[in-house]
Every structure is written in C-alpha cells, then in structure tokens.
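**Student:** Protein sequences, first through last, are from chains A and B.
Start counting the first sequence at 1; every next residue gets the next number (the working numbering).
Start counting the second sequence at 1001; every next residue gets the next number (the working numbering).
Please note that a few of the clues may not be correct.
What the hints assert, rightly or not - Just a few of them, taken from the derived set where beta-carbon distance is under 8 Å, the chain B residues facing chain A:
hint : residue
1    : Ser1078
2    : Arg1099
3    : Ile1109
4    : Asp1134
5    : Met1304
6    : Pro1313
7    : Glu1315
8    : Gly1361
9    : Gln1371
10   : Ala1374
11   : Ser1429
12   : Glu1431
13   : Glu1445
Quick caveat, the hints were computed from the structure, so don't treat them as lab data.
For every residue, glycine included, the Cβ atom is placed at its ideal position computed from N, Cα and C.
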Amino acid sequence: MTHIDEQAAEADRYLEYQAIDTGYRAVRWHEKTLYEQSRPGSTNAILPPVEPGIVALVGDVAAALPAAARRARPPEMPELSEPEILRHYIRCSQMTYGYDSGNSMGLGTCTMKYSPRINEQLAASPKVKALHPLQPEETIQGILEIMYGMRNWLCELGGMDEVTFQPRGGGHGAFTDACMIRAYHHARGDDHRDEIITCAVSHPCNPATASAAGFKVISLYPDEITGELGIDALKAAISDRTAGIMMTAPYDTGVFDSQIAEYARLVHEAGGVVSLDQANFNGVMTRMRAGDLGADMVHFNLHKTFSTPHGSYGPGAGAVAVKKAFRDFLPVPVVEFDGTKYRLNSDLPHTIGKVGTFMGMVPNVVKAYAWVLSMGADGLREASEWAVINNNYLIKKLLEVRGVEISWPNRRKLQEARFSLAKLHDETGVSTTDFNYRLADFGVQTYFESHVPRIVDEPVTPEPTESISKEDVDQFVAAFHHISAEAYSNAEIVKTAPHRSIVHREIHDYENLTQVPFTWRVWKRTHPDG
Amino acid sequence: MSARLVHRYIPNTAPGVRERMLAEIGVASVDEIYEEIPAALRFAGRLDLQAEPRSEADVARELTSILAKNRSTDELLSFLGAGCWPHYAPALVAEVMGRSEFLTAYGGIEVNDHGRFLAVFEYQSMMGDLLEMDVVAAAVYDGTTASGDAIHMASRITGRKELVLPRLMDPDRLSALLNYNGPWFDTVFVDFDPATGQMDLADLAAKVSDRTAAVFLENPTYLGTIETQVQEISRLAHAAGALLIANVNPASLGVLAPPGQYDADIACGDGQPLGLPMSCGGARLGVLACKNEVRFVHTLPMTMVGILPTTVPGERAYTWHALFDRIFYGEREAARSFSGTSSFLNAIGAGVYMALLGPSGMAELGRSNMQKAAYAAARIGALKGVKAPVFAGPHFNEFVVDFAGTGKSAAQVNAALLERGILSGKDVSGEFPALGAASLFCITENHTQSEIDRLVDAIAQVTR
C-alpha cells in the first residue's frame, strides 16, 4: 500500500469506531528514515576549503597513513540535500510532545516547567557559546561571575557553603555525593565504612550511584501507614559500617518524612555522612533548607527546579552544594571571588578530582541564574506554593474519578503524589499502562507511572508544577473521567489504545536485546525487504 | 495586606485563582499543607537573596552586561583544544536543536514522542556507521563518563579486575575514570613511545594478562598523535582474553580506522566535535557503542532507542520503552551506573551534523583537520628554538610544541600571545614534564591559512 492508501484505510477505521474519537488527532507524518530517503552522491558544501598553500606544503597527510590506521571503506551514511534534511527534522519535531506543545503535567518526578526563552537567547550568545573551558580566568570573568552568583543562590537556598556545577545531571550529582562520602571516610582512615542507606521511594540514582562508587546499599521501605522510614528501621540499618545515608525530602510519593532531621542526627552520631537528594525541591523552595535538616551535602537539578530545558532527555545540569566541612572534598575547580576578581581554585586538599569533563554544563548555569533573578526569592516561594496548591487541587479532583485511589491517603502531599488504578484494574481489567496509552488520544502528555520498586500497584505519578494552570489540571482530570467511564463501559477502547496518536503500542516479543535493532545497519541486515 | 505577586511564569497567580483552588482543597491557606514539614524544620528566616522578581528586560540587561566581560573565541584567535574542539557548527544544527519540541520534551513515550526517538535512532545509526559498531547508546553525559561506562561493562562481562590504561592520558580524564572505576579495578599503565607518542607495544605485551578485563586505547591520543598500531593492540588484548575499548574522536573517523575495523569490543568518545558549540565545555555528547552480542548489550548501562513492531502489522515504533531493565531505572543498585538524564538534544544535533556532511563530508572533515594541523606544525617547527611537533608520528588535529629551545616557558609564551589577541595551546608542561616547555595546540578545518600564519608570526615574535 502507498502512504495515501494507508491514510485512507486508517480514516475508514476511524469512521468505524466513532467512540474512540476524542476530537484530537496527533500530527503523524509518514516519515521515512534519512536512510530510506538517501540519494547517493548528494553533498552539502559546509566546511571551509583547504587552501592551496596548505596542500602545497603538506600534501594529503591522511592518504599517507599506513593502511591499518586508515578507514578501509566509506561509512554507509545517508546522503541528502540540506533542505531535505531540515524538513525531516522539522517533521520529527512535530511528532514530539515538548513542554511547550501542551499539557505535560503527567510527567511526575520530572518537574516539567516553562523554560523562559530569554534565558535560551542569553545562553546562545557568542559570549557563552564561543568560550573554551581552558581560557585564562581573566578572559572568562563574566562566566565565573555568573557561576559564583548561582553558587550564592544555591548556598542560601540549601543552607550550604560551597557548590560545584560539574555534575551533568541529577544522577551524576548523586554520584558526586557518593564519591565525596567515600573520600571523606578514606581521609579519616575509615575505609571499613562501606554501607550506604537509602530509601526505596527515592530516585533509583541514589542506590545505583552509591553502588557505582563501591558501596553496599541498604534500602529501607516506607511504613504502610505513615509513608515514612521510621526511627526503628533506620536504627536497625545503622552500624559501624555505615558510611552515610542518601535521603530524599519529600519522597517521590509527595510525603515529607517528618523524622528526617532525626535520621540525620542518628547517622551523624554513628559517624556517617548525610546526603540529601533535592530533585524534589520544587515544592519546598524557601520553606526548608537541606542544611537545617542536618544534610552535609545536597544535589539540585537545574533542569528540573531551576527551569533549564529538559532537552528531550538532557543535557541537564546537576549542582552539588556542601557544608564547610566537605568543601575540601569537592570536585575541582571551584569558583572563588576575592572582592575584585573571580578565579578557579583547583587546590583543595582532599578533592575527589573530576567526575566529568571541565566545569560541567555551563550554559545551563547561565539559564538557571537568569531564572532565579527573574523569580527573586519571593517568586521562588510563590512557585513552590503553586506546585503544592496545584498538586493538592489535582489530588482533590482526581480522587473524584471512579477507580482512582491514592497512596498514603492520610498524608497531605507536597509537590506530587502517587495515585493507584488498582481498583479500576480489578474492576475493569484496564491497567495503568492501558489507561496511559488512552490518555495520549486526548492531546495531553502521557503520565509517569512509577520508579521501581513499584510499591504502589498500577501507579500514576503526575506533577503539576507552578507552570501549570488550573485549566491544565482540569483538562487532565476531565480526560481521566472520560477514560474511567470507558473502562467501566467499553474497556476494549482503552485496552487497544492509542487510536489517535502517532504510533500504536509496541509489542515486546524479543528474547533478548540483540534482536532489537538499535542502528539502521542492523535493521537493514535483519529486514532485507524493508 | 499588600497585593499578591502576579508572576509572568506562573499562570495561576492571576487574581482570584488561589482563593478558588484553596477552597476546593478545603484549606484556608497553603501554610496548612506545609504543616507536613515539622515546625522546627520549616525555614522561617529571611533569605539573603534578591527578594523581588525582575522584569525580562532587566534580567536581559544584567546578564548581557555580565557576559560582556568574557572575551570569546570570536574575539580572540584560539588554538585551544584538549578535549573541547573549535569546529565549524553548521546553522542547521542549532536550528534543529532550538526547535521547541526537541528542546523541551523529556520523559514521554513513543505514542507522543515518536519524532525525538526517530531522531535519536538516526543519531545512533549514523554513529554506528562511523564507528562500524552495531549497537550505539542514545547518549551518555560526556566522553569521560562514556569511557567509565565502557570500563564498567568490561568488568561485568569478563569478571576480571585489572584495567590497562595508557599513561599518555589527560590527567583530568584519568581522575574521573578513577572516581568511577577505581573501586572495581586495579589499574595498570602502559607506557608510550617517547618518539612517536604511540603505545609501547612491548610494554603492553608485558602488562596484559589473564587478569586483564580490558585494554583502553585512545585514538587520537590526548596529545594528538594517531595510533597506527591498532591491529596489534587489538590482537594483544584479545589473545589474553581481554576486551578492547577504543576511545575515539568521531570527527576523525572519515579518515581514521573505525573501532569496528580493528575488532574493538566497545567504543566510546565525545561527540562535541560534531557541530556542537564549545559553550565553555558545556555541550558534550557521550558516545558509547558495542558489538551486538548479549553479553555486551545486556550490560550497556544507558538507554537506547530501538525499533519494535506494533499492534498494526508493518508499523515501526521507535522506542526506549522496553529497554530500561538493564539500567538504574530498572535495577537500582544492581545497575552500578549514574547516567540518568543525559544528552539527547546533543545527540539529535550531532545527527543533523552527520546527515549534512554525509560520508564524503566526514572524509573531507578528517582530511582537512590533518592537513591544516600538519601545516601549522611544520611552520611552527621551522621557527628557531621551537620544536613542533614533539612527536614524530602522524597527528590528527592537535600536536605538542616545545618552546624550551627559546628559553621561554609555555606559560610565558601563552601570556605573550594573549597580549596579541591569541589564545595559545594548553600548557601541558606540568602534566608531562619530560616534554619540555610544552603546549598542546589544536588546529581544525575551521582555521584558515592566514589565521595559522598569524599564529606562526606571533610565536616568532614572542620567542625571539
């Protein structure tokens, strides 16, 4: 069938199933890969020519390489003209649901918020883009001033004393914490401390990065009634091998653990270090400070709380802030200010050295700094309040939907909450995944179900940040009402969804991942007929 | 009571909305909800920060004025590389990366985000073609963390505990690798041939054993030399039952042997040269690839976009949905990794770059870098008292210059060049004292002959 035939056939199918119509239809191009569009011999003169004077002096040095060091055959990459390439990517972008495209409040734990365009424009300036990270300090005073300025904001917001921006994401920030905890105990001759305590409803990066840094991990589970870890459970986990705890406040469930300061005290008393994951900072800015809870170190996500764009899944930026006692363990360099000049100091006695390349995702620091200036402390407080109000309004409204329940119903939640469709599933056979696919038919972004372990059955984890309007929440809730009604009356519509989206649900019928093509060269080999 | 703040980024701050929503929730004020935080932990003080929000115009003015204090490589003629390279960035790359949908999407699934997955799949595919590797990860943070992931894979695959690294390595990179891989490996260093900058094969043969998990090869090396003995290195590693990890510069692969050609098991590198701006070291793309075997693919600690069938026969879904079970999202501590949100936007940008250049453009890119760097090295090396290149073998786009014969230190030369508006190479005399008053210069396709000549003349003046 041609594409036109396919489209006509699909239109017929839609007519047969009026019931599935939601009034929305995703942009769906029948877009082939660049490989399938390739026209051999097409080239684009992008690069500057090599001047004759250069060729005259050195000749073709590449051709002079020994054969074993040279590429034997050209790469089988696509060949297309510039306008065709642009058209392809425009179509791909149109088949992508950005924050700007609509209502992304479903993506809980992601803190989807508006990324102001002025910040993009500022960071795209040649005064940022065309800087080399190894330039002498005197030529990058502007960037250092901004990094130092952002450092001051994070220190104040976190009750901390020093900051590094080297980590490139939240997980990278947690890893930086784990490395510093390791170095701290090593410096004290306490290498036997090889256990990190984490919580099962914290982000998976906490246990994973502790493990990557060489620690054994003890995961505590939240109490069924309170949603908190509990003093007794923590005491049972603490020993003379405790290196530290990697805590979260509030949890991904939205529950703020009321005993968190006591956990910190107990871990300190046992000789351990306290690290706080503040990926969930968005609901508590200016309301609590990591340092006041007893944290020695804390990591923030500039791409979540501080508005830098999520970039289709990065680049983000992590920032780790520490108390004075841990300053000497930070990755280098750190930015300092002597009252006149900004400088980079790599001379920290216990530094863990490097966790990544250069100084981290510097353009995102520029964007985050522009954002905090736009907000002011008052604006940050307002933003957090709205993240909390929107979430509690959502909770009120979503619990009116038939079959929707919430975890830890006796607790008020801060920035997000974990709902459950277990009742709906029991009564209709519709799973949270079915439900989510159907949601895509309504022109809103799908929701995040849950991290593992799935403590809540058939989970749903939305997060309506301050960028979300009341109308957005109402739209999301209305879609839930509609789908719930379908589940109780005509579950097949939901179980076979999506119907109005870009692509239908995928089938996982492989035995191992080598059977899944991750590159076109493998696809071509395994699908010779296309 | 003063009027409540109405903020341009917070739609619900319009008057009246708060009251209606709080009434629905059934609380008089948001403070009632914040009572979830124990009173003793609630911050009650005044933060020492700018309190009031500022207008867009005001923020733009302030940031522009601060940024004006930078002197960028548009204003200074720069020859700095050392891991962040000044290549030409085609307009289309920034155009596509600036598309709002790509810029602001995040964790959606293929039914809404099919386009970004297709774009990332194409990045993986073109990178696979360049590397001659069948499996490519979507993106890792940067080249350094990609190297660390590759090394971790080798540990899991072989169960061995020794890692062979080249002594000629960027000390910053080494530091990051030791942070990541140190707890799991004993590290053994292989010397380099002081004449060529290439790996000392006799030393490698002596150090590889049945304890070796992997031999880690950098090509080009940190100091710009091209490793021509890749086949022998591969043979030595594999003969000991070890894996070969090749860290490569994708911009070189139009002309240099790709890792697949010499049977590397895992390839890694940084994709920044593929049309991504330097951005003070910010824009990075960790490249990670491996052979299509279960033991490799099932230990690759990062998301990948693959093609799966759908409920509609013949339809392809480009998706990452099925593939989380090997990474920390699925395995938590068992995954031993730290890559979450990584660099998809940069992968999409690098894909645009590779599509624009195509196979012939990639070859031209490699050739041009080598020619221009060779030209610069030859002309600088002809100056009195200046040795360039310090190593005799072939170079890609970087080479070491030794100023010792002029009686000047690298730092002195650099400072004098800066006075003439030139950012000299990276001073590596502290990192490798045996190389003399050494600076690492980078010349790419984007340097013109007249710019190189200006550098040569300036060096001649300041070393006189």
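**Student:** Now look at each hint and say whether the structure bears it out.
**Tutor:** Now the hints, each set against the structure:
1. Given hint, serine 1078 of chain B at the interface with chain A, holds; its Cβ is 6 Å from that chain's nearest Cβ, closer than 8 Å.
2. Proximity of arginine 1099 of chain B to chain A holds as hinted, the smallest CB-CB distance being about 4 Å (cut-off 8 Å).
3. With a least beta-carbon distance of about 6 Å to chain A, the hint placing isoleucine 1109 of chain B at the interface is held under the 8 Å criterion.
4. For aspartate 1134 of chain B, the interface hint holds, since its Cβ comes within 8 Å of a Cβ in chain A; the closest pair sits about 5 Å apart.
5. The criterion of a C-beta within 8 Å of any C-beta in chain A is met by methionine 1304 of chain B, whose closest approach is roughly 5 Å, and the hint holds.
6. Given the 8 Å rule on beta carbons, the hint for proline 1313 of chain B is violated: about 10 Å separates it from the nearest Cβ of chain A.
7. At its closest, the beta carbon of glutamate 1315 of chain B sits 6 Å from a beta carbon of chain A; the interface hint therefore holds under the 8 Å criterion.
8. Because the smallest distance between the Cβ of glycine 1361 of chain B and any Cβ of chain A comes to about 6 Å, under 8 Å, the interface hint for this residue holds.
9. Proximity of glutamine 1371 of chain B to chain A holds as hinted, the smallest CB-CB distance being about 5 Å (cut-off 8 Å).
10. Because the closest C-beta pair between alanine 1374 of chain B and chain A is about 4 Å apart, less than 8 Å, the hint holds.
11. The restraint placing serine 1429 of chain B at the interface with chain A is violated, with a minimum CB-CB distance near 14 Å, outside the 8 Å limit.
12. Of the supplied interface hints, the one on glutamate 1431 of chain B is violated, with its beta-carbon coming no nearer than about 12 Å to a beta-carbon of chain A, more than 8 Å.
13. For glutamate 1445 of chain B, the shortest C-beta to C-beta distance to chain A is roughly 5 Å, which falls under 8 Å, so the interface hint holds.
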